[in-house]
Amino acid sequence: MQHLNAVGQSVPRPDGLAKVTGTALFLDDLPENGCFHGVTVRSPHASALIQSIDGSLVARADAEAIVLVAADVGPRNSVHLIHDDWPILAHGRVNHHGEAVALVAAPTLARARAAAAAVRVEYEVQAPVLNLDQALEGDPRTNGELNILARCEVDHGDVDSAFAEADVIVEGEYATGHQEHAYIEPHGIMATPRFDSKGVFTGVEVVGSLQCPYYVHEALCYLFDMEGSAIRVLQSVTGGGFGGKEDYPDLIAAHAALLARACGREVKIVYERQEDIIATTKRHPSHIRHRTAVKRDGTLVAMDIHVLLDGGAYTTLSPVVLSRSVLHAAGAYSCPNVRIRGRVLATNTAPNGAFRGFGAPQSLFAVERQMDKVARALSLSPYEVRSKNAYREGDVTPTGQVLKESVSALGVLERATLATRFRRQRSANEAARAARQDDGRPLLGIGLSLFWHGSGFTGNGERRMMSKGAVRLRPDLKIEVLSSSTDFGQGTEGIFRQIVADACGVSLDDVVVHVPDTAAVPDSGPTVASRTVMVVGRLLRRAGEKLSFALGAFAAQLEGIAPVSVVLHDGIFETEQGTTPFREIARRYLALHGPLVAEATFEPAPDSAFDETTYQGDAYAAYGWGACVVEVEVDPDTFALRLAKLTTVSDVGHVIHPVMCAGQVEGGTLQALGWGYLEEMKMKDGRYLNDRFQTYLIPTMADTPDMETILIENPTKHGPFGAKGVGELPMDGGAPALLQAIENATGICLSAIPATPERIFEASKIKAES
Amino acid sequence: MSATYAFTLNGQPIEVEGPPMARLLDVLRRDLGLTGSKDGCGEGECGACTVLLDGEAVCSCLVPLFQVEGASITTVEGLSSEGRISELQRVFATEGGAQCGACTPGMIVSLRALLDRHPAPTRAQVREYASGTLCRCTGYERILRAVEVLTDQRLAEGVAAPEAREPSSE
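Respectively, the protein sequence lines represent chains P and G.
For what it's worth, our numbering labels the leading residue of the first sequence as 1, then goes sequentially.
For what it's worth, our numbering labels the leading residue of the second sequence as 1001, then goes sequentially.
Do not take every clue at face value.
What the hints assert, rightly or not - Okay, the calculated beta carbon distance ranges per label pair:
| hint | chain 1 | residue 1 | chain 2 | residue 2 | range |
| --- | --- | --- | --- | --- | --- |
| 1 | P | Leu-418 | G | Glu-1157 | 34 to 44 Å |
| 2 | P | His-593 | G | Arg-1084 | 18 to 28 Å |
| 3 | G | Glu-1128 | P | Asn-690 | 23 to 33 Å |
| 4 | G | Glu-1128 | P | Leu-590 | 53 to 63 Å |
| 5 | P | Lys-198 | G | Ser-1002 | 40 to 50 Å |
| 6 | G | Ser-1002 | P | Pro-31 | 17 to 27 Å |
| 7 | G | Met-1001 | P | Pro-31 | 26 to 36 Å |
| 8 | P | Arg-587 | G | Arg-1084 | 51 to 61 Å |
| 9 | P | Gly-8 | G | Met-1001 | 25 to 35 Å |
| 10 | G | Ala-1164 | P | Ala-644 | 45 to 55 Å |
| 11 | P | Ala-59 | G | Leu-1062 | 56 to 66 Å |
| 12 | P | Pro-31 | G | Arg-1117 | 29 to 39 Å |
Unchecked claim - With a straight-line cut-off of 20 Å between C-alpha atoms, the simulated SDA-like cross-links for lysine to any residue are:
| hint | chain 1 | residue 1 | chain 2 | residue 2 |
| --- | --- | --- | --- | --- |
| 13 | P | Lys-373 | P | Gly-264 |
| 14 | P | Lys-717 | P | Lys-645 |
| 15 | P | Lys-468 | P | Glu-603 |
| 16 | P | Lys-645 | G | Glu-1148 |
| 17 | P | Lys-645 | G | Asn-1010 |
| 18 | P | Lys-295 | P | Asp-167 |
| 19 | P | Lys-645 | G | Arg-1127 |
| 20 | P | Lys-645 | G | Ser-1131 |
| 21 | P | Lys-645 | G | Glu-1128 |
| 22 | P | Lys-388 | P | Leu-403 |
| 23 | P | Lys-468 | P | Glu-480 |
| 24 | P | Lys-645 | G | Ala-1124 |
| 25 | P | Lys-645 | G | Thr-1122 |
No lab work stands behind these hints: they were computed from the structure.
Don't be surprised by glycine CBs; every beta carbon is placed ideally from N, CA and C.
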C-alpha cells in the first residue's frame, strides 16, 4: 500500500490560477491567424423535403465566401457514431428544426453571416412527430409504424406469477422533459487543413471545446476515409460539458474540417448561444410506467417497468442511454422479480444525446416517485419503504449481478435521514399543514431520495474499449501523465496528478499532465460515464507504479542490490546504503537508457461477465450510492418554490480531492433540481421557444439553497485507492426528492417535472377532485 | 461612423477607435486582446462578460462603446498584476469556486463589486451581488464558501467589520 500524500488532500487545482485571472484560453480566445469564420445554414422546419439548395448567390454576395452543401461532403455524409444515420449536412430531407443544411465560410464572422443569408433553400414541409405521444401513433418516415431507434429488455425471476399472488399492486406513470446542458462556454471548433506539395488534401488538425478527442478523431477518419495519422484532435480549455460536448463536437468538427479543406485555410466555428440551444442535443424526455407488487409490510415482490425515451431525429448515443436507463430503472432496491422493457422512439427534434446521468436520472426519477406511491398505498413513510428494500451486500440486481462489495444504500440513507432529522421534520410539516390557518405563509416540505449509479461503461463496454493510460519521464525530470481524459471543469487534471504522484511516490510538483492530443496520448476512452477516476485513474495508478518500479530497479542496479528493496516514496529512493532523490536517479536513468514510458491497459476483472444478448451479468464494475434530502418552501397562493436546504450523502469509494468531489455533488444536484422545477423546454411546431438564457432559466445563486455535502468512503477494488465515479451520481436524486418535499408541504402529488407553479396548480385540481 | 473614445482601462488611460454602438465586450476581446471576459449569451443574462464600469458591475455585451467615454473600466485582467493575484482570486481557486472557468472571470468581477461595498458580506449579500452571473458547474456553494473564507480572514485580521445583521428575510 502506497503512502497517500496527495490523494485525499484538497490541493490547489493546476488550472486554478489561469481561470481566476482570465488567462485560460478557451477556443474563442485563441489567436485567429487570419482564419475564416464558418456559419451554418439551418432548417426552419422540423420535417421537410429539400426541393433545392441554391448557393450561387453567395459568390455574388461575397466573392471570397465558400459554400458547401451535402453533395460537397462526399460519400460518407454521416456522423460516425453508433448508427450512421445522422447526416453531416442534410441530404434530401430535414428531420429537425435547426438541422444543418449548408455551410458558409468567409474572412469575417459578419461577412460569413451575410453570405449565409444568400443561400436559398426550398422545402416541402411535412407533418412532424414532436413528442412521445405523437411518436406512439406511428411515424410517417417509417410508413406509420413505430420508429424505434433502440430497444433494451431485462428479465429477472417470474414476474407474472408474482403479480398473480401479490398482496397489493401499485401502478404509476411518470414523465420528464428536455433539458439543455447550458454549459457557459458555447460550442467551438477550429480546424487547420494540411495539403501536400501538389495541393492535395492530406489531413486536418482540429482543436476544440470537447469531451472526447478520440470520438472526434474517429469521426473525421471515417468522413475523409483517412488513416489515423492524418487527423489530429486537441482539446482547448473547455467551459463545461455535462455530456453536451460528448457527441455533438463530432458534427461541428466535421463542418469545420470540410470548410477548412474547401477554403485551404484555418476555419473557426463558434456557436452563438441561441444557435447552440436550437441545434444541439438535449436530455431525452421520458415516459415511464411502473407496476409494482408488494407485500403489506412494504417488501417489494415484483416490478414491471416500461421505459420510453424520446430520441429526437437521429440515433446518436440513444441505444447506450437507453441501456443505462433500463439498468437503473428498478432503483437501489432488491426485488426478486423484475421485468423492464425499454424503447427509444424517433421524433422530429434535434437529436437527444448524452447528458450527465445518461438516462439514469429519468428512470430513477420514476422509480423514486413510484416508491413514494407504494409507501402511500401502504401507509408507510418514504423512509420505511426505502430502508426495507434498499440493497444490502450480497443482494442480486435485475441482471443477476451479485453485489459483492461497496454497497452503501442503507449507509447513505441512514446518514441523510439522521443529518436532517428527516422523520421528525416530515411529521412536523404534515402536522403543521393539517393545523394551519390560511395565513399566506409558506408551506414547509422535506423530501428524500435514494439512488445508485454505475461507474464506468455498461456491461462489456470497458472490455471492448480496452483503454490505455501512460506516464512518461520527461527530459526535465517531470513525470507526465498521458491520457485522453479531458478536464471540462471536474478537475481531471488535478486528480490525475494526485493519483500518479502517490502511485509513483513523488511530490505533486514532479507530475504534469499532457493536454489531450490524439497525436501524443493513448486512447483512454471518452470522458463520460463516471469512468475517469475509477477506470482511467486506475490505469494511471498502475502505469505510475510501473514507472516507479523501473526506476527502483535501476537504482538497485546502481547499488548492486535486489530491486524489491528499493522503494520510492516522498520523492526519495531509500536503501540500506542511504537515500537518493528521485530526480537524481531519474536523471541518471535518462542519461543511460533514454526515454522511459510506462503504459497500462484495461484488465477486465476475471470474476465478472456480462451477456449482451440476455442482458444478464455484471452490468457495472461498481456503483456509487447517494441519498438526497431537499427542504422546500411553497407559496400557498402562487405555488412558487423556494429551495431552503439541500443535504446530500454520497458514497464515492475514496475521496481523491474533497473540495472538487463536493463540487461535483453540489453542481450536479443543482442541475438535477433545475431539471426538477425550473428548466422546461417549450416547443412550437418543433422549434424550441425558449432558446436563450433570457427564457430558458437555470438556477442563479439567488435560487440556490445552502448545501450540506457529506461524502462517505466504501471502497471498491475496481478503482484507484478504492475510488468510484462521482460525476453523474448527483444528477439522479434531486428531482424526486424535491417532488416528495412538495408533496410533504402541500399534499399535492406530482408525477411529472418540472414542478412549475402551473403544473402544481393543475395537480392541485386533481387532488381537489379526488 | 467610427469615432475615438477615451476612457480608463484597468487603471491606464486608453483611446479606442470604433463605431459608437460597438459592444464593449468585442472591443475588449477583439480590439484590445483582453479575452478574460467571455461571451456566454450576448444578451446580458449569463454575466460571463461582467466588468466594472465606474465601480458598478455591468455586462459588457450590453454596453455600447460610446457609453464608456470618460469612464473607468476594470476587467478581470485588472484584478491581478505581474503575477500577483488578489486574495479573492486566491481563495476562489483554492476553495473550489472555479470549475470549468467560463463564468469565473465574470463571477470574480461581480464579487469584487460586492467586496468593495461590503468587505465582510453575509451570504444573502453574496447571493444578491452574484446572482447576475450564471454558473452551471459548482452549484454556487463553493463560491459562497470562498467568500466566507475571505470574510473570516478579514474579520480575524481586523481589516473589515462584520455586516449589521439583516432582517430575517434571508
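Against the structure, the hints:
1. Leu-418(P) to Glu-1157(G): 34 to 44 Å: 37 Å Cβ-Cβ, so the 34 to 44 Å window holds.
2. His-593(P) to Arg-1084(G): 18 to 28 Å: violated, 43 Å
3. Glu-1128(G) to Asn-690(P): 23 to 33 Å: holds, 25 Å
4. Glu-1128(G) to Leu-590(P): 53 to 63 Å: This hint holds: roughly 56 Å between Cβ atoms.
5. Lys-198(P) to Ser-1002(G): 40 to 50 Å: holds, 44 Å
6. Ser-1002(G) to Pro-31(P): 17 to 27 Å: holds, 24 Å
7. Met-1001(G) to Pro-31(P): 26 to 36 Å: Between Met-1001(G) and Pro-31(P), where Cβ atoms are some 28 Å apart, the hint holds.
8. Arg-587(P) to Arg-1084(G): 51 to 61 Å: The hinted range 51 to 61 Å is violated for Arg-587(P) and Arg-1084(G), with Cβ atoms some 34 Å apart.
9. Gly-8(P) to Met-1001(G): 25 to 35 Å: violated, 60 Å
10. Ala-1164(G) to Ala-644(P): 45 to 55 Å: Violated - the Cβ-Cβ distance for Ala-1164(G) and Ala-644(P), about 24 Å, lies outside 45 to 55 Å.
11. Ala-59(P) to Leu-1062(G): 56 to 66 Å: violated, 36 Å
12. Pro-31(P) to Arg-1117(G): 29 to 39 Å: About 37 Å separates the Cβ atoms of Pro-31(P) and Arg-1117(G), which means 29 to 39 Å holds.
13. Lys-373(P) to Gly-264(P): violated, 62 Å
14. Lys-717(P) to Lys-645(P): Not OK: Lys-717(P) and Lys-645(P) at ~34 Å, beyond 20 Å, violated.
15. Lys-468(P) to Glu-603(P): holds, 10 Å
16. Lys-645(P) to Glu-1148(G): The given pair, whose Cα atoms are some 18 Å apart, holds under the 20 Å limit.
17. Lys-645(P) to Asn-1010(G): violated, 39 Å
18. Lys-295(P) to Asp-167(P): holds, 5 Å
19. Lys-645(P) to Arg-1127(G): holds, 15 Å
20. Lys-645(P) to Ser-1131(G): Holds, at about 18 Å.
21. Lys-645(P) to Glu-1128(G): holds, 18 Å
22. Lys-388(P) to Leu-403(P): Judged against 20 Å, a Cα distance of about 17 Å means the pair holds.
23. Lys-468(P) to Glu-480(P): holds, 15 Å
24. Lys-645(P) to Ala-1124(G): The given pair, whose Cα atoms are some 14 Å apart, holds under the 20 Å limit.
25. Lys-645(P) to Thr-1122(G): Holds, at roughly 17 Å.
Violation of the numbered hints given earlier is confined to hints 2, 8, 9, 10, 11, 13, 14 and 17; the remaining hints are satisfied by the structure.
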